[in-house]
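Protein chains: 2
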Amino acid sequence: MEITVMKFGGTSVKNNDRMIAAAEKIAAEHRRGRGVVAVVSAQGKFTDELIAKAQDINEKPELREMDALLSAGEQISCSLLAMAVAAQGVPSIAMSGWQAGFVTNGSFGSARIDHLEIDRVQKALDEGKAVIVAGFQGISDGDITTLGRGGSDTSAVALAAALNASTCRIYTDVDGVYTADPRIVKSAQKLEGISYDEMFEMASLGAGVMHNRSIKLAKKFGVPLEVRSSITDNPGTMIKERFPLENVKIRGAACDKDIAEISVVGISNIPGLASKLFIALTENDITPDMITQSLGSDNSWNISFTVHSNNADKALYIINKLRKELGAVRIDCLKDVAKVSIIGSGIMENPKIPAQMFTALTEANVNIRMISTSELKLSVVVDADEGHRALVAVHGAFFGE
Amino acid sequence: MEITVMKFGGTSVKNNDRMIAAAEKIAAEHRRGRGVVAVVSAQGKFTDELIAKAQDINEKPELREMDALLSAGEQISCSLLAMAVAAQGVPSIAMSGWQAGFVTNGSFGSARIDHLEIDRVQKALDEGKAVIVAGFQGISDGDITTLGRGGSDTSAVALAAALNASTCRIYTDVDGVYTADPRIVKSAQKLEGISYDEMFEMASLGAGVMHNRSIKLAKKFGVPLEVRSSITDNPGTMIKERFPLENVKIRGAACDKDIAEISVVGISNIPGLASKLFIALTENDITPDMITQSLGSDNSWNISFTVHSNNADKALYIINKLRKELGAVRIDCLKDVAKVSIIGSGIMENPKIPAQMFTALTEANVNIRMISTSELKLSVVVDADEGHRALVAVHGAFFGE
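So the sequence lines, in the order shown, correspond to chains A and B. This note's numbering runs 7 ahead of the 1-based position in the first sequence. This note's numbering runs 7 ahead of the 1-based position in the second sequence.
Treat the hints as calculated values from the structure; they're not laboratory data. Owing to the predicted nature of the structure, the values given are computational and were not obtained by experimental measurement. It cannot be assumed that every hint is accurate.
Said to hold, decoys possible - Keeping only pairs whose Cα atoms sit at most 20 Å apart, straight-line, the calculated SDA-like set for lysine to any residue is:
hint: 1; chain 1: A; residue 1: Lys60; chain 2: B; residue 2: Ala94
hint: 2; chain 1: B; residue 1: Lys21; chain 2: B; residue 2: Ile10
hint: 3; chain 1: B; residue 1: Lys52; chain 2: A; residue 2: Leu57
hint: 4; chain 1: B; residue 1: Lys21; chain 2: A; residue 2: Thr54
hint: 5; chain 1: B; residue 1: Lys52; chain 2: B; residue 2: Gly96
hint: 6; chain 1: A; residue 1: Lys52; chain 2: B; residue 2: Leu57
hint: 7; chain 1: A; residue 1: Lys60; chain 2: B; residue 2: Ile27
hint: 8; chain 1: B; residue 1: Lys130; chain 2: A; residue 2: Ser147
hint: 9; chain 1: B; residue 1: Lys67; chain 2: A; residue 2: Ala34
hint: 10; chain 1: B; residue 1: Lys21; chain 2: A; residue 2: Glu56
hint: 11; chain 1: A; residue 1: Lys359; chain 2: A; residue 2: Glu370
hint: 12; chain 1: B; residue 1: Lys21; chain 2: A; residue 2: Gln62
hint: 13; chain 1: A; residue 1: Lys130; chain 2: B; residue 2: Arg71
hint: 14; chain 1: B; residue 1: Lys359; chain 2: B; residue 2: Phe406
hint: 15; chain 1: B; residue 1: Lys21; chain 2: A; residue 2: Asp55
hint: 16; chain 1: B; residue 1: Lys60; chain 2: A; residue 2: Arg25
hint: 17; chain 1: B; residue 1: Lys227; chain 2: B; residue 2: Glu134
hint: 18; chain 1: A; residue 1: Lys21; chain 2: B; residue 2: Asn65
hint: 19; chain 1: B; residue 1: Lys21; chain 2: A; residue 2: Asp121
hint: 20; chain 1: B; residue 1: Lys130; chain 2: B; residue 2: Ile10
hint: 21; chain 1: B; residue 1: Lys67; chain 2: A; residue 2: Ala28
hint: 22; chain 1: A; residue 1: Lys60; chain 2: B; residue 2: Asn23
hint: 23; chain 1: A; residue 1: Lys67; chain 2: B; residue 2: Ala28
hint: 24; chain 1: A; residue 1: Lys130; chain 2: A; residue 2: Glu36
hint: 25; chain 1: A; residue 1: Lys21; chain 2: A; residue 2: Glu56
hint: 26; chain 1: A; residue 1: Lys21; chain 2: A; residue 2: Ile58
hint: 27; chain 1: A; residue 1: Lys226; chain 2: A; residue 2: Asp121
hint: 28; chain 1: A; residue 1: Lys60; chain 2: B; residue 2: Gly96
hint: 29; chain 1: A; residue 1: Lys67; chain 2: B; residue 2: Ala94
hint: 30; chain 1: B; residue 1: Lys60; chain 2: A; residue 2: Gln62
hint: 31; chain 1: B; residue 1: Lys321; chain 2: B; residue 2: Ile338
hint: 32; chain 1: A; residue 1: Lys67; chain 2: B; residue 2: Asn22
hint: 33; chain 1: B; residue 1: Lys342; chain 2: B; residue 2: Asn317
hint: 34; chain 1: A; residue 1: Lys21; chain 2: B; residue 2: Asp55
Kindly produce the complete structure, drawing on both the sequences and the hints.
So this is what it looks like as structure tokens:
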């Protein structure tokens with residue numbers, strides 16, 4: 008039996024009407040004679056509401072209790088979706104994360120999947136049932152855990168890998184992956200296909216449709232992904248290992264506003280000091296990005312880098328503790344910045360591409376603060392209020408206005 | 008270590024303020040050096056909201072899915088309450104029904120507790136933690152079950168029995184058990200104590216504070232119960248095996264409007280036909296109450312009884328299927344009736360008591376439709392719109408205006 012895994016995000020099940028629309032898609036796939044496993048997120052803003060309630064009661068709640076609390080959101084949505092599927096005349100069964108066999112490590116709030124005990128899901132599929140699984144959650148030593156950001160996508164991909172599913176469909180508000188966010192760039196175009204690596208960069212750089220963690224997992228197990236609309240029946244965007252690249256070198260452009268730029272000025276010129284700084288950050292789960300280092304006129308080092316804006320205060324706290332040891336004279340943090348990137352496998356093969364991007368930014372009168380490149384992307388940091396203008400200019404240069 | 012089990016109903020945790028008030032009571036008990044286990048219901052009307060959502064999606068949802076859905080309500084409230092207790096500086100841990108070891112049979116929606124695997128709760132208590140348990144739920148063969156009406160009270164009593172707790176406190180909106188519902192009878196008085204049997208009758212007859220199922224369990228295991236206020240610190244009402252009865256013979260009066268009166272007229276006078284009727288009802292989980300039987304002028308039987316109003320339509324359906332066999336000429340069902348009762352261990356020992364009750368009803372001009380007595384109660388069925396007037400009159404006769 009060919010198996011389809013279908014993932015529905017929070018907005019795709021936010022009310023009973025959307026729930027029923029999702030159930031119709033599940034029922035239709037089941038009637039095509041396929042084994043269907045649907046993974047579902049909590050409804051709409053329900054998780055945010057629970058977080059707000061908890062914060063109001065206890066500013067620093069135990070992570071274990073927080074996970075038990077939040078997991079209720081998916082338990083509700085998966086039970087309701089199973090009922091909606093049954094109402095379509097298709098036999099169904101709802102499973103929480105632990106019932107579906109998601110065994111994780113004990114990192115509450117950001118647990119990693121250790122393995123899947125897939126027997127119960129497999130048995131239900133063998134009995135001809137559509138299996139509706141609560142995403143975002145698992146179990147560790149008898150305690151409920153949650154997988155953190157992008158958790159439901161990761162649940163779906165892990166199930167697809169464990170069941171050797173022939174496709175894993177991510178249903179979302181948009182009908183595929185675009186060359187840029189269509190809300191910002193009017194001329195953005197839907198992509199038919201994109202490789203895992205390119206999609207990973209798109210996600211990492213703020214394109215938003217899927218979380219990069221789930222894409223990494225999909226690549227590792229070769230799970231064919233499809234991003235498509237939970238509203239229309241339009242074909243979506245396929246994400247696979249390789250695509251015929253045709254003549255297109257650039258897959259898309261993205262703008263990420265959730266970053267902060269940190270500068271540490273006047274670090275003593277002693278070998279090993281800079282690495283001490285980065286070791287301290289990474290040991291605290293902070294990944295510095297876009298690192299630039301320059302030698303000042305007084306023979307001391309200036310180091311700048313970006314971090315996710317959620318981590319900015321934590322990073323400052325860590326660096327301040329090292330300040331004396333580093334000999335730093337100043338630590339700056341800019342939160343009003345944005346990262347604008349172009350993504351595509353061909354970037355470093357063609358030197359005309361960076362030139363084209365910088366020309367576009369100059370013509371749009373955008374000031375570039377930092378630059379970084381990799382095999383798959385070219386990113387610049389700009390002032391936050393110039394982010395969208397920069398994105399439109401860069402996208403226009405490669406895809407037309 | 009002496010253990011206190013504390014149960015908080017839905018209104019006692021309906022919002023964050025009430026949640027914090029409950030946490031303060033738990034923390035205070037913990038600081039007295041006692042082991043504390045708190046059992047909590049879903050917040051306010053949350054369960055009703057989930058039921059409404061489910062009904063809207065699927066008129067006849069699978070009971071298994073319904074239980075998974077509803078159990079999320081207590082999972083949320085117990086997580087939040089554990090956070091609120093931790094915010095009081097008392098170490099706490101939240102446990103769902105399955106984590107707390109509630110093993111039930113597989114009757115989804117009205118599961119019975121088979122046994123408790125108490126190790127995990129005991130271990131947390133040994134570690135000095137206040138244990139916050141989701142009431143109303145358990146597990147059967149890997150599936151979440153709910154215990155049905157009065158479920159959280161039953162969870163609390165079962166935990167108290169398994170832990171050999173020295174007291175099980177039921178926190179509620181009122182500050183104890185009253186001689187009658189204080190919302191209807193202004194002169195109602197709070198009882199200091201009442202026996203299990205008397206409380207069982209009070210609960211069965213509509214006094215409402217606790218579910219009779221949990222009282223039965225408390226009696227079976229000799230769990231000392233106390234009903235007290237979740238708002239004030241007033242002493243509540245103790246429920247134990249025996250109380251010095253003093254001179255009080257009557258414990259209270261109650262009015263139950265959730266009943267229906269069914270009459271089957273003209274049943275053939277053949278031995279065994281009446282029992283056939285009652286066997287059919289009880290086999291379908293319907294308990295007939297206040298049965299009266301009279302021989303008609305044509306030598307056929309008229310049988311009347313009451314059932315819970317939720318079961319009236321089901322009862323009619325069952326009786327109609329038997330109609331031919333019974334030879335019944337008419338089946339009547341009155342839904343606008345109420346049962347008014349007095350409760351107390353002394354009723355049948357003192358013939359003045361029934362006389363006093365009937366005099367009060369006559370003086371209040373209330374028409375009596377049916378009468379039934381037992382060791383512990385005397386009940387009459389009256390028209391629904393006379394129910395409250397009858398309750399006030401009867402209560403006044405025994406407790407004063």
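How the hints compare with the structure:
| no. | hint | in the structure |
| --- | --- | --- |
| 1 | A:Lys60 - B:Ala94 | holds (13 Å) |
| 2 | B:Lys21 - B:Ile10 | violated (26 Å) |
| 3 | B:Lys52 - A:Leu57 | holds (16 Å) |
| 4 | B:Lys21 - A:Thr54 | holds (18 Å) |
| 5 | B:Lys52 - B:Gly96 | violated (29 Å) |
| 6 | A:Lys52 - B:Leu57 | holds (16 Å) |
| 7 | A:Lys60 - B:Ile27 | holds (12 Å) |
| 8 | B:Lys130 - A:Ser147 | holds (18 Å) |
| 9 | B:Lys67 - A:Ala34 | holds (18 Å) |
| 10 | B:Lys21 - A:Glu56 | holds (15 Å) |
| 11 | A:Lys359 - A:Glu370 | holds (16 Å) |
| 12 | B:Lys21 - A:Gln62 | holds (16 Å) |
| 13 | A:Lys130 - B:Arg71 | holds (17 Å) |
| 14 | B:Lys359 - B:Phe406 | holds (15 Å) |
| 15 | B:Lys21 - A:Asp55 | holds (19 Å) |
| 16 | B:Lys60 - A:Arg25 | holds (13 Å) |
| 17 | B:Lys227 - B:Glu134 | violated (30 Å) |
| 18 | A:Lys21 - B:Asn65 | holds (17 Å) |
| 19 | B:Lys21 - A:Asp121 | violated (37 Å) |
| 20 | B:Lys130 - B:Ile10 | holds (13 Å) |
| 21 | B:Lys67 - A:Ala28 | holds (19 Å) |
| 22 | A:Lys60 - B:Asn23 | holds (7 Å) |
| 23 | A:Lys67 - B:Ala28 | holds (19 Å) |
| 24 | A:Lys130 - A:Glu36 | holds (19 Å) |
| 25 | A:Lys21 - A:Glu56 | holds (13 Å) |
| 26 | A:Lys21 - A:Ile58 | holds (17 Å) |
| 27 | A:Lys226 - A:Asp121 | holds (17 Å) |
| 28 | A:Lys60 - B:Gly96 | holds (19 Å) |
| 29 | A:Lys67 - B:Ala94 | holds (8 Å) |
| 30 | B:Lys60 - A:Gln62 | violated (27 Å) |
| 31 | B:Lys321 - B:Ile338 | holds (13 Å) |
| 32 | A:Lys67 - B:Asn22 | holds (19 Å) |
| 33 | B:Lys342 - B:Asn317 | holds (10 Å) |
| 34 | A:Lys21 - B:Asp55 | holds (19 Å) |
Figure legend: structure checked against the earlier numbered hints; hints not met, in rising order: 2, 5, 17, 19 and 30.
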